[in-house]
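Keeping the supplied structure of chain A fixed, place chains B and C upon it in accordance with the hints.
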Amino acid sequence: MTSPILPHLIADIVARRIQVIDLTHALTPEFPPIALPPEFSQSAPVRIEELSRYDERGPAWYWNNLSFGEHTGTHFDAPIHWTTGRDLPNNATDTIAPESFIASACVIDCTHEVAADADYLLDVAKLRAFEEQHGRIAPRSWVLMRTDWSKRTDPVAFQNIDGTGQHTPGPGVEAVRFLVEERDVIGFGTETIGTDAGQAAHLRPPYPCHSLMHGAGRFGLQCLTNLDLLPPMGAVVIAAPLKVRQGSGSPLRVLALVAS
Amino acid sequence: MATRPYDDVVVAAPVTVPYVRFSTKGAHWFLARALAGLVEAVGITKRDIDGLAVSSFTLGPDTAVGFVQHVGLSPRWLEHVPMGGASAIVQLRRAARAVEAGDADLVACIAGDTNHVDSFRQSTSNFSVFARDAVYPYGSGGPNGSFALITDYFMRHYGTSAEDYGKLCVAQRANALANPLALFRKPLTLEEYLGSRMIADPIRLFDCVMPCAGADAFLVMRRETAKRLDLPHARLLGTIERHNAFPEDPVQFRGGWAQDREALYDQAGVAPKDIDFLQAYDDYPVITLMQIEDLGFCDKGEGQAFVRRNSFTVDGSFPLNTSGGQLSMGQAGAAGGHLGLVEAIRQLIGRPLGRQVAKARLGLVSGFGMINYDRGLCSGAAILAASGGKKGRKRK
Amino acid sequence: MSAKLQRPARKDPLHRTRLLPMPPAARSRQAQGLTAAAALGEFRLQRCEACRDWQYPPREACTSCLSDRLRWRPHPGGGELLARTEIRFGQELYFRERAPWPVGLVRLDGGPSAVAALHGDCGEAPSRVRLRLALDKAGQAMLVALPEKDTPHMSDDPLIRETSSDPKHRKVLITDAKTPIGRAMAQALIGAGAELVYGGFAEPWKRSADLEHLRALPQVTLVPLDVTDEASVRELAGVIGGKVDILINTAEHHRAETIASRPGVDTARQEMEVNYFGLLRLAKGFGPALKARAADGPTGATAWVNILSIYALTSLPAQATFSASKAAALSLAQALRAEMQGAGIRVLNVFPGPIDDEWNQLVLPPKLSPAAVAASVVEALRRGVEDVYPGEVAKDMLQRFLDNPKGLERELA
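Residue numbers (the working numbering), protein chains in the order written: chain A, 1 to 260; chain B, 261 to 656; chain C, 657 to 1069.
This is chain A alone, in the form it adopts within the complex (with noise of 0.2 Å):
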């Protein structure tokens, strides 16, 4: 039986009964890489370098080379990134199930708490304030954390790094579970510049968006925007990062198909 919905599909794009949301940031060189402990190895921040511009260098064509780290900008996290996920099959950006790109997601309104304290974490009450009022999250969705971060437009404001590390939202241990056990999602996404919270080295166990979402095959998204354009649920997430040779995770573009 073929499905009717793909030719209605475009024809509502087109019609604009379908809005088409673009929840990525420009990949550009000022755009804040994660930054570890200078004893490890630092990933690359984005460099673009133009190899000709309609000149000497090439006279009809303007191209660039790009260079950044996997994990720089609006990207996807593959469970190979984690040590909880590196023996999993199908685990990298190239072995990855298609399918597993295309998604539906919830969008989790944390502005208000967030707004308060820059080391909020996403706990299971809000998830369950949440499915009081907009229904069960569905298995196989995307949960995306709305925080409005992606409106810090200053980088230190973004990255927001003081003496003590950096101070960015994300879930806390019992919600990541919560997610994982209960609700079988497909993956954690934040505005932020990591699944985990900034300061999530100090929970048990540290990093737990990576550490258990990974560990059990699921995915992540990071710096994504305009997450205020999206309804609760029922938006569709296109997200196929990189098809990269053992890829942790790449830049890519994350798209939002929503009723109007």
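Take these hints with a grain of salt, some might be off.
What the hints assert, rightly or not - Heads up, simulated DMTMM-like pairs for lysine to aspartate or glutamate below, C-alpha to C-alpha not over 25 Å straight-line: (1) C:K1023 x A:D148; (2) C:K862 x A:D148; (3) B:K427 x C:E742.
Hints were generated in silico from the structure; no laboratory data involved.
Below, chains B and C without anything else, positioned relative to chain A:
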């Protein structure tokens, strides 16, 4: 072993290719015109010239060898003499022994240079290794700068004044007025000299020669050759030459003549008081004064007293640079030393371009050149006599 | 008496910027021995090993005994001024524009006579002078005679200013002001009279107490600069390039890794990215304006300073990739010097030994303080020196490198 006296060596056929301030022609042109002038003056063909001595700063990349093919000569004796204003004396010395020995019969001694608008800077900036390393980067003043230091020391040490130098320059200009080939024929007063602008203190504009294009030449031969060709000539009595004299002197206040003048007068069999005129190398009046002292006309340090008690015009008590010298004729590069020698010949054969020194029997020509670093390295001198007897006497 | 250098008046922007003609640059190979001494701020002449006589001008055989055993030895530099002049009409444009140019003949103590440029406070001859070697605008060695005793505002003399890069009244860019060295450099340059210090900083989200300290200083303007990002360099160069008289490249990525100490080359790559490619980007971005402004008034563009490392000369295997990146930077800095030379801009290369920073924590003393490095840079700018070896370790290693580079290689392994 004392130097052998000269055995009937004579000089003849003084030739000057008229000087011009700038020329688009090359050095080869000026030297060839000088050669042609010699040939014409004597009534020979160029094939008769079997010896050639050449000096030039702007002949490069050719040397005498290239020039020889350029003008179609096949000499059996060839000298390239790169000694600046001492080249005339040195060419003469070489040629004299050659004709004595029969290595050549008729030697043409020529010197000349062209002068393009940027010639001087080109030649100064690359003048020598030491100049390029240790002088030119200090103000790029060229010889003006170097002689300014020498003049400053001399004036300070011996008390010579600008007026003393000025007197020499003024007298030489007076001598030039009658010389149709001099580039400067406006009379010069001491006031004008003193009022002229400083070039490199204490050297003023009128202390400096003007580089120009031109050439000078003469022939060297044995007396019997001159008689055969029926050529008016002067006899060579004595010469000296020295390079890098007194290297321990911290600054140049004397030249090689001081070391060798006794040998010069011995060889010539005359004394300073016998000399009727001096053609000194006058690129700066301080050097003229140095030659007057070092050639024994007065003691070292007595130069200014000598200047004050003498007059230096053609009819003066001490005729000096009787054609005007380089200061008034111009300096045609390496021909600067030939200028004096050629004028000496003219005076002694009684055919001056300008005015005649009365009873000119004995003349002394001095050469100086090559400020390789901080001092002129080459010095030389020659004593010539009018033909017709040594102690000057009957003229032909 | 030298006139005190006043803060220059504002330039009329409708006037064409003056260009810099060059003094004569040709020298013989032997004369480059003077350049080697001048580059380090030393006064050396050839001395015959056989008969002990000093030689000048430089040459290939002893002027006294013909021996070829001529070695460059330090000379105390004292001498007697015998004669002096003022060159008013030099053959070269450079001297014409700066006429009258005082020149003297100096009899060196125990040695030959030398033509030297005279400091304006030298007296009439005869008088005692102190000689030293300076680098002229063409980067070639020049003998300079100073008065026997220091005089007020001596460094404001035009000859001294032409042969040095005094920071007084000048604008300075310090490419990384976020580090202890960057901060010390800014403070030292302000102390030396710099009018304005631009402090570059990258990764604004990474805090730095040093940067905050500088932010508060009135002479300092902080500017974003990431030497690993061509767009960042280009943009800043476009904004302030024409206002930089002295560029001091303090940007450095320093780690302590041997070849085997860690898998992968990402650390080494980052060292190259900052230490070598960073320099290259800066040179491309800031070089042209610097070169064009070498004669832009009495306090125009004058110098480019690279903070390298003594380990650029010879590898410290304990910091193998860092050493290699500094060696690459040194090679590039030499090429930069050649490019800048024709424009009259001095490139100073600084080769400190281990600096007292977080990556040299376990290196035993002596270690250089950032303040000491900064002071050595200011001194070198004022003195017109171009190769700087601050601190005991650097000087010791230079000596060992010159004496026996293979032995030094073994000793560091």
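How the hints compare with the structure:
A threshold of 25 Å between alpha carbons decides the hint, and for K1023 of chain C with D148 of chain A the separation of about 48 Å lies outside it, so the pair is violated. Pair hint K862 of chain C plus D148 of chain A holds up; C-alpha atoms about 22 Å apart against a cutoff of 25 Å. Only pairs whose Cα atoms come within 25 Å are accepted, and K427 of chain B paired with E742 of chain C is accepted, the gap being roughly 23 Å.
Going down the numbered hints, you'll see the structure goes against just number 1.
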